[in-house]
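> As you go down the protein sequences, you meet chains E and V in turn.
Position in the first sequence counted from 1, then plus 22, gives you this note's numbering.
Position in the second sequence counted from 1, then plus 158, gives you this note's numbering.
Calculated from the structure, these hints are not laboratory results.
Any given hint might turn out to be false.
[Claimed, not checked] Pairwise CB distance ranges (calculated):
1. E:Leu79 to V:Asp330: 31 to 37 Å
2. V:Gln352 to E:Phe91: 48 to 54 Å
3. E:Ala63 to V:Arg184: 44 to 50 Å
4. V:Asp330 to E:Tyr49: 26 to 32 Å
5. E:Arg62 to V:Gly356: 47 to 53 Å
Every residue gets a Cβ at the ideal spot worked out from N, C-alpha and C, and that includes glycine.
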Amino acid sequence: MNESENNFEPLRRLLALKRHEIPPPGYFNNFPGRVMSRIRAGETDAPQGITGPSWLLKFFQVFEAKPAFVGTFASSLCLLLLFGIVYAERPDAAAKTTLLASLTQPVLTLADATAPVLSPSSEQTGLMVSTNPVLSLQPVASLFGQQNPLAQPVSFSLPGN
Amino acid sequence: MIMAEPAARQNPETPAPVDEEALVRRARRGDLEAYDELVQRYQERIYATIYHMTSNHEDANDMAQESFIKAFQALKTFKGGSSFYTWLYRIAVNKTINFLKQRKNRTHMSLNDLDFNAEHDPDLMALISDKTPRRDAALAELQEKLNAALLKLSEPHRLVVVLHDVQGLSHDEIAKIMECNIGTVRSRLFYARQQLQGYLSDYLGPT
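Chain E extracted, bound-state conformation (with noise of 0.2 Å):
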């Protein structure tokens, strides 16, 4: 080992120069107090106008360490805002969907349900028969304004009125 270090001797002897490199004059007479004010002002090491619990501030710690993160979740926000715009644009397809699948789709009505063999009429009636369990007693509205024969208007009057 002591032949290793005398042939770093000329390396050691170099790299004692960085030892004469000083901070500027008064430098350590005002760093106590920086130190000390800091501490009394309650100051973390988390990022100036970052607050919040740890996690969170270990969140933002990893987009300082990685760039290439912040990009990433960056473009997964993008992805996810544009998908929740294409998906809030659906809900009315979706309900044209729905019901014109409910339209197409037989509907086991009260009436069938008696009545095991489909008659012509109730075709004719807007009454379907469906392999569904769910019972209805008035028809699927029509999505075409058609006036349905059995939907009555309902109002409602509050007591007092």
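Guided by the hints, dock chain V onto chain E, whose structure is given.
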């Protein structure tokens, strides 16, 4: 013979250990005056370690302050299994290594000035060509080359060189700070020196 080794061969445990224990106890109870005393004791060594690791005064200033603040906040978790300075060093070193990982591709040197003694250090002067008319300029260039070479080392290797060859800590102390065994410290030191010799061959000549 190296002329100026102020911090280098200083034993970090030179301050009376009993006093230190008392100061730590008081600081744990929230006594800021006691902690101020501890900061004054270790500020130069902590600053120097971080500065030699980063080669940047502003970064060293921030990191050193934050290390002391973090140490104060974590004092309650300090069990006394190691000495306070080892524990403090560990905080500073971990903070510095994390910082260096974050600024991986941003290496901006902001070097401190050399003190007056540097120009009168015969060992250093011997490394500068005698034909150089302006020795201070040559010394500044040497300083820059040396720092650039250190920055080429990986953080663990640089840390070992800084703590041993610049700060003057023993292998044992470095092992405690870096939480590894002495063999690892020795092998890292050997490898780091070899690397540095390659980078600084212009100044070192044939060995």
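> State for each hint whether it applies.
Verification of the supplied hints:
| no. | hint | verdict |
| --- | --- | --- |
| 1 | E:Leu79 to V:Asp330: 31 to 37 Å | 36 Å, holds |
| 2 | V:Gln352 to E:Phe91: 48 to 54 Å | 36 Å, violated |
| 3 | E:Ala63 to V:Arg184: 44 to 50 Å | 21 Å, violated |
| 4 | V:Asp330 to E:Tyr49: 26 to 32 Å | 30 Å, holds |
| 5 | E:Arg62 to V:Gly356: 47 to 53 Å | 48 Å, holds |
Hint compliance for this structure: hints 2, 3 are broken, all remaining hints hold.
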